[in-house]
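Okay, so the sequence shown: first residue is 1 according to the numbering used here, each after it adds one.
One thing to keep in mind: the hints can contain errors.
To be verified - FRET-style restraints, in silico, Cβ to Cβ: (1) 125 <-> 58: 37 to 43 Å; (2) 141 <-> 29: 27 to 33 Å; (3) 101 <-> 45: 29 to 35 Å; (4) 73 <-> 32: 31 to 37 Å.
Since the hints were made in silico from the structure, they are not lab data.
Please read all numbers here as calculations on a predicted model, not as lab measurements.
All residues carry an ideal CB built from backbone N, CA and C; glycine is no exception.
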Amino acid sequence: MQDNLRARVIAGTAIFRGDRILLLHRSLDASSPGIWDLPGGHVELRESLSRAAKRETLEETGFEVRLGPLYHAAMFSSLSKGGKARRSVGVYFHCSAPAKKTPRLDPEEHSAYAWVAASDLVDYPTIPHISRAIRLAFSTRTSVRAARPSNGKSSLGEGLALTFPVPA
Numbered sequence: 001m002q003d004n005l006r007a008r009v010i011a012g013t014a015i016f017r018g019d020r021i022l023l024l025h026r027s028l029d030a031s032s033p034g035i036w037d038l039p040g041g042h043v044e045l046r047e048s049l050s051r052a053a054k055r056e057t058l059e060e061t062g063f064e065v066r067l068g069p070l071y072h073a074a075m076f077s078s079l080s081k082g083g084k085a086r087r088s089v090g091v092y093f094h095c096s097a098p099a100k101k102t103p104r105l106d107p108e109e110h111s112a113y114a115w116v117a118a119s120d121l122v123d124y125p126t127i128p129h130i131s132r133a134i135r136l137a138f139s140t141r142t143s144v145r146a147a148r149p150s151n152g153k154s155s156l157g158e159g160l161a162l163t164f165p166v167p168a
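Given only the sequences and the hints, what does the whole structure look like? Please build it.
Next comes the structure, spelled out in structure tokens:
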């Protein structure tokens, strides 16, 4: 039963420019090498989901993003760099990024990027849980401005304060 309670948590973002989403190509030295992925990564202890999504997106793209709504959460299995199966929970936010800025990639993690239309996704191989997150990003996307109340805070983004305690 204890094994069911252990999972790493991933926070990711869906960044759109017009009708295209930003996908990152995993380098051969990264976990899940060769697949296309959304920006994101591990939530650190005592870090909120929204802070992790913003931090990871900045680290992976150089973009300082404004989060919109949380649009997807799911549990999945993945392989570590060493090929060991591990459970993960992924949470994904819609967000906006600076217009016309070029992503700045870390070559140890990502070898390329692409702005991809929904009709072209078949040309960008990925794994099932990422594919679902990408399809849902297209089907649920809304304007980040429309999702933000007049006080400038997103009800499901900036204000989200779920954290993970240090294990005993």
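Here is how each hint holds up against the structure:
1. Taken as a hint, the range 37 to 43 Å is violated for the pair residue 125 and residue 58, whose Cβ atoms sit roughly 26 Å apart.
2. Checked against the hint of 27 to 33 Å, the pair residue 141 and residue 29 passes, with Cβ atoms roughly 32 Å apart.
3. A beta carbon spacing of about 31 Å between residue 101 and residue 45 agrees with the range 29 to 35 Å that was offered as a hint.
4. Distance hint for residue 73 and residue 32: a CB-CB separation of about 19 Å, inconsistent with the stated range 31 to 37 Å.
In this structure, the hints that do not hold are numbers 1 and 4, in rising order.
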